[in-house]
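Dock chain B against chain A, hints included.
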Amino acid sequence: MSAAVLTAAAAGRLGCPVCGRAAAVASAGRRCGRCGARLPATGRRPLGAVWAWLIAGVALYIPANLEPMLVTTTFGRDSASTIIGGALELFALGSYGVGVIVLVASVLIPVAKFLAIARLAAHASGRAPMRPHGALALYEVVEFIGRWSMIDVFVVAILAALVQMGFLASLTPGPAAAFFALSVAATMLSARAFDPRLIWDRAGVEHV
Amino acid sequence: MRSFSLVWLFPLVAVAVTLGLLWRDYAGRGPVIEVSFETASGLVAGETPLRYRSVEVGRVEDLRFTADLSRVVAVIRLDADVAPFVDESATFWVVRPEVSARGVSGLETVISGSYIEGAWDATRGAARRAFEGLETPPLTPTDTPGRRVVLRAADGGALTVGAPVFYRQVEVGRVESKRLTAEGDAVEFDIFINAPNDRRLTPETRFWIVSGFELSFGADGARARIGSLSALLQGGVAFEDFSRGTAGEVETGHLFDIYASAADARTRALEVDPGAQLVLDVYFGASVRGLSVGAPVEYEGIRVGRVVEIAAEIDPGTGRFATRTEIAIAPSLLGLERGDVAGAEAFVDAAAANGLRAQLAQGSFITGALIVQLIPTERPSSEGLLRRDDGRPPILPSIPSNLDEFAGSVQGALNRIEQLPIEALFDNAVALLDNVNRIVGSEAARATPERALAALNAATALLSSPELAEIPAETAALLAALNTLAAGPEMIAARDDLAATLASARAITAALEASPLPADAAAAAAALRALLEDPALNGLPASAAALLDDPGLRAAPGEFSSLLASLRAILDDPALRAAPGEANAALASLRALLERLEAEDAAGQVAAAAAAARALLADPALARLPSESAAAAAALRARLEDPALAGLAASLAALLDDPGLRAAPGALAAALASAQALLDDPTLRTATEEAARTLAAAREVLERLAEEDAAGEVAAAAAAARTLLEDPSLTRLAGESAEAAAALRAVLAAPGAEALPEAATAALSSSAAFLDRLREEDLAGTAAEALASLREATGAVARAAEGTPALVARLTQLSARADAILSAVDVGSELNYETVAAIREIRDAARAITDLATLVQRQPNALILGK
Chain A
0 MSAAVLTAAA AGRLGCPVCG RAAAVASAGR RCGRCGARLP ATGRRPLGAV
50 WAWLIAGVAL YIPANLEPML VTTTFGRDSA STIIGGALEL FALGSYGVGV
100 IVLVASVLIP VAKFLAIARL AAHASGRAPM RPHGALALYE VVEFIGRWSM
150 IDVFVVAILA ALVQMGFLAS LTPGPAAAFF ALSVAATMLS ARAFDPRLIW
200 DRAGVEHV
Chain B
0 MRSFSLVWLF PLVAVAVTLG LLWRDYAGRG PVIEVSFETA SGLVAGETPL
50 RYRSVEVGRV EDLRFTADLS RVVAVIRLDA DVAPFVDESA TFWVVRPEVS
100 ARGVSGLETV ISGSYIEGAW DATRGAARRA FEGLETPPLT PTDTPGRRVV
150 LRAADGGALT VGAPVFYRQV EVGRVESKRL TAEGDAVEFD IFINAPNDRR
200 LTPETRFWIV SGFELSFGAD GARARIGSLS ALLQGGVAFE DFSRGTAGEV
250 ETGHLFDIYA SAADARTRAL EVDPGAQLVL DVYFGASVRG LSVGAPVEYE
300 GIRVGRVVEI AAEIDPGTGR FATRTEIAIA PSLLGLERGD VAGAEAFVDA
350 AAANGLRAQL AQGSFITGAL IVQLIPTERP SSEGLLRRDD GRPPILPSIP
400 SNLDEFAGSV QGALNRIEQL PIEALFDNAV ALLDNVNRIV GSEAARATPE
450 RALAALNAAT ALLSSPELAE IPAETAALLA ALNTLAAGPE MIAARDDLAA
500 TLASARAITA ALEASPLPAD AAAAAAALRA LLEDPALNGL PASAAALLDD
550 PGLRAAPGEF SSLLASLRAI LDDPALRAAP GEANAALASL RALLERLEAE
600 DAAGQVAAAA AAARALLADP ALARLPSESA AAAAALRARL EDPALAGLAA
650 SLAALLDDPG LRAAPGALAA ALASAQALLD DPTLRTATEE AARTLAAARE
700 VLERLAEEDA AGEVAAAAAA ARTLLEDPSL TRLAGESAEA AAALRAVLAA
750 PGAEALPEAA TAALSSSAAF LDRLREEDLA GTAAEALASL REATGAVARA
800 AEGTPALVAR LTQLSARADA ILSAVDVGSE LNYETVAAIR EIRDAARAIT
850 DLATLVQRQP NALILGK
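Quick mapping for you: the protein sequence lines, in order, are chains A and B. Residue 191 in numbering that gives the first Met the number 0 sits at position 192 of the first sequence; the count goes up by one each step and never skips. Residue 378 in numbering that gives the first Met the number 0 sits at position 379 of the second sequence; the count goes up by one each step and never skips.
No wet-lab data here; the hints were simulated from the structure.
Interface residues of chain B toward chain A, partial, derived using beta-carbon atoms under 7 Å:
#1 Val6
#2 Trp7
#3 Phe9
#4 Pro10
#5 Ala13
#6 Val14
#7 Thr17
#8 Ile110
All C-beta atoms in this analysis are idealised placements derived from N, C-alpha and C, irrespective of residue type, glycine included.
Looking at chain A on its own, in the form it has when it is part of the complex (with noise of 0.2 Å):
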């Protein structure tokens, strides 16, 4: 691939995000003359959308730390534990390895795709470019990963669903885990919002 690269920007066309269908530039606004979506105007997505669920995933991911994400009741003595709290007593209690799990899914990953997100966005943005594969790559890790990202909340889930035996012992699912959720599925959107061509937007400015 070299400079002799046509881009449908520099065709003065633009693709329907949805269909594909290639429209005028000048159509940007309107809509698909095939599907009906709404064309953009760069006939990219547009990265506001990503910053937007960026940040909203960052914010819900501050309640999600401060507040506690499994409220344990044994013999009716209720025992909350914060995420990092827990992973704490984790460690503290000798199992290291559930501790690292916990700590990775829910500090290491989340926090990564936070950073990572932003990183492509900038990018994308074009005020810190860097190398389009690196970008790529790091775009496939976190699609590929976003997926992981509600183990802990699968994880509350289940061990409410499953420790459910009354006096004796029950879990309940502290407001942390909803805002967990929400802060993944936030990063989750977030990172579906941004449009990997924005990668190579850039990079075919720079390398066109």
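Just chain B now, with coordinates in the frame of chain A:
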């Protein structure tokens, strides 16, 4: 741009939510307070909640130590909404599971874990951040309506914290805490009375201990009451206002005394606080041991106050030691207005002036507790109470108590009891009982020999009296006098005369032989034999036996003892002791009489009389005697054959059965007594003289007879007598007599005869009984009468003696006849046999009596049992 804005709603919402949450957390965070506890048991940092009315209003955030490690500090984050109320009133304690008498509390914390409970009132106050937690939960929440008061008791044993407070058996409060007073002289209890009931508290309210179990003894029996289990385990306190409706608010923290029981509380209800009492000092000049603070002060038996202090004092002036007793008198108990101390003082002052004094008295004999008594005395003092200037209470004079005397007398009594020879007394009692036992066992058997011995001793004393010893001498003298008399020449002449008389008698005997007298006599003997063989006579011993078997006679041994005693009394009688002397005198008199007879030539008289007798025997009239004797014998035979004589035996038997027979010995005794009197009687001397004259007259008669050829007659008579004496029948009579004597000897040698003396002894005893009875029956009077009659008889004898010559003639005739009869009577061996048989019967009877006596001696109760 529309879509752009729409997408951006999400982060806006998310940020808003997050910020909202953060704000909520921040805004909800109240201040941090620090509560220190002894231990952090059950507290977990970050988990243990702080609750107010079971609502979580905070959480322990941290646990740490105080700087000196003495306590644990729980750092608690309060909720902001309650923070303004957590002020000075706030108290904190840890709720832990607790099992107590009141029940189980904090059970939920067994599982859920302990928590900190906070309590504060509903008013906002100045914020306070450091608190000291309570180690035990307060029983009453701080803001519970009600009233806290303080009870004071001597010791804390009666109540435990948490014990219920009852009002009319309804639980209205709790004992919250107990503590020693600062002085350590009492225990104070904080109690809380719940709201509606705290109005029952008045200043006059009395509190008393109620134990769950109450046991009381009264006139209506024992009564047990079991209260609530709670009260049983931890006691309780009840209160009531015994005063007469006094109202009044009680402030929180009012101090009440606790009484031991409801009765105590009721009794002391009338006692008011010390301030309103008349306080007096009393100096008892004696030990106040037994007197205690609180001891009652009584005035005429009514409690008017109590002892409030007992102290020692040394008078600085004199250096004397004194016991000061401070008493408090309640005006209300004197019947005055409550608190009228001045009135009470005026009254006591006046009463003291009139002699009222304090005195220690015994309150309880068992415990020895003393009380103070106010008693009026008869020594008025002009000044009344002794007031002092130094502000100390006035002095009420005292008088010494009589406790010491009382105690002394009690002690003396105890000592005397102690000194009683109880052991010796018991020994004596045992011995006495033994003796009684022995006596009851065989009273008569033991008493009889002893009394018999005493009687014998008396008899021995009697026999060994010198007067009795003189009797033989007197008798010897008498015999000598008789010998002299007999050896006189007149006697020899008399002997000659007697020979002549015997010759005459022989002639008469010869005449008798010619007559059928012997045959008649034989017939008379046969009749006598028939008489003796009469069944009635045979029944005589049976009657005697019956007599002996008579219950009355059987009762006689019972009287044996008294009889012997009577005998002894008689023997001990001075009169009887004088008897030997009397006998001696009598013998002397007799001897004098004989000597007089001798002096008056009695022998000559006798000789003359013998001559006269000889003449008499030679009288032809005497020759007629045999035939008349024969006729008399026939008459005798006829009399013997008379059926009336046969009835005589039966009569005799009846006579033996006759009670009157018993009187005979008495009469005999009286007669003997009379006889003695008679011997001493002057009339006897007269009689002697009369006899002498009679003999003289007889001599004259005989001399007259002698003049009528008496000598020849006497000789003939002597010859007759000799003939008579030479008669073989007379010889046979002697033989028979010898045989009879032998039989008698055999009888006497018979075993039964040996028993005779004993029987005789028994008979003598009976005689003694008779004598005793006779003595009772005015023997002296009887004897006097007999004596009087005897004197008359003596006089009659004297008079009759004048007619004696004729009598002598008749006697002569009679003796001649008797002589003839005796010579003619063939004394049958059958008569002898009958006599022996009779003697045997008598012996048997005597033996029966002896047996009876022996039986009685061995078994005195046989008389009672009747066998």
